[in-house]
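Q: Model the full assembly from the supplied sequences, consistent with the hints where possible.
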Amino acid sequence: MRLATWNVNSLKARRGRVEEWIAEHGPDVLLLQETKCADAAFPAGAFSQLGYESACHGDGRWNGVAIVSRVGLTKVRAGFGDRVLSASAECRLISAECDGVRVYSVYVPNGRAVDSEYYGAKLEWLANLRAELDATCDPAAAVALGGDFNIAPEDRDVWDIGEFAGLTHVTAPEREALRDVMAFGLVDVVRRLHPEEAGPFSWWDYRGGAFHKGEGMRIDLVLASAPLAARVTGAFVDREARKGQGSERQPSDHAPVVVDLAP
DNA sequence: ATGGTAGCGCTGCTA
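Take 10 as the starting number for the first sequence in my numbering and just add one per residue.
If you're looking for bench data, these hints aren't it; they were derived computationally from the structure. Cβ atoms here follow ideal geometry from the backbone N, Cα and C, with glycine treated the same way. There are no misleading hints in this set.
DSSO-like, lysine-lysine: derived pairs with alpha carbons at most 30 Å apart:
{"no.": "1", "residue 1": "Lys252", "residue 2": "Lys21"}
{"no.": "2", "residue 1": "Lys84", "residue 2": "Lys21"}
{"no.": "3", "residue 1": "Lys222", "residue 2": "Lys21"}
{"no.": "4", "residue 1": "Lys252", "residue 2": "Lys222"}
Here are the computed distance ranges between Cβ atoms for each label pair:
{"no.": "5", "residue 1": "Pro272", "residue 2": "Val123", "range": "42 to 48 Å"}
{"no.": "6", "residue 1": "Ala149", "residue 2": "Val123", "range": "34 to 40 Å"}
{"no.": "7", "residue 1": "Arg70", "residue 2": "Ser125", "range": "17 to 23 Å"}
{"no.": "8", "residue 1": "Pro272", "residue 2": "Ala122", "range": "44 to 50 Å"}
{"no.": "9", "residue 1": "Phe245", "residue 2": "Tyr127", "range": "27 to 33 Å"}
{"no.": "10", "residue 1": "Glu29", "residue 2": "Pro236", "range": "32 to 38 Å"}
A: Dropping the structure here:
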């Protein structure tokens, strides 16, 4: 199974690129974030024509997540289910079962600034994600979370930690909240396959030629339960998809993260 | 130098 995750920064603006990318890379399951797409406007028919089922959770101009699969798509759960949580109103989580794997498309809140209310909401959302895992799946089974976590797990996951003093994405409480999620029993697949490297980065700011200068961050992650992580045969970030060539539309500011799994 | 770019949608917010 080829599993991929991609923050597309508007599915409407990225339709052509996403369809081209699917045709070129043949993901069996593609997890999307920042679709900025209400469920009523989700292009399920376009994915269907490519041979994929889909499930979406979006309400309009911000956020929005989806799962696209050609190996089955059942037991869909949007958001945090029936649990009433103040931080769960936004469309940032959807999960389903695809070919025996429980997959979660995750879009962690940005947090904006450390001294803002949004930073606390980010930490609360991550605690709710851990509770969601405890309530809905088993780390002894095949489980995968893919998405934009808006956290760089280590200093080497940003281009220059000196530029991040006092900023979100690298603070100790955020990293601790991520570790609490992973303590469910999850492995950072790309990091495990690239143990000695910085990055590989998955996001670069649109501004200031950051991609060209290599000023990126590794904030898009695939986290797998131990039984699923044992099936990993390869993992990479597709930097090509971040380039602007060959299309009238801009690329997303995120690159897809791809993980290949043995049966 | 408190900038810069993209998306949404039409004003300024979010990232």
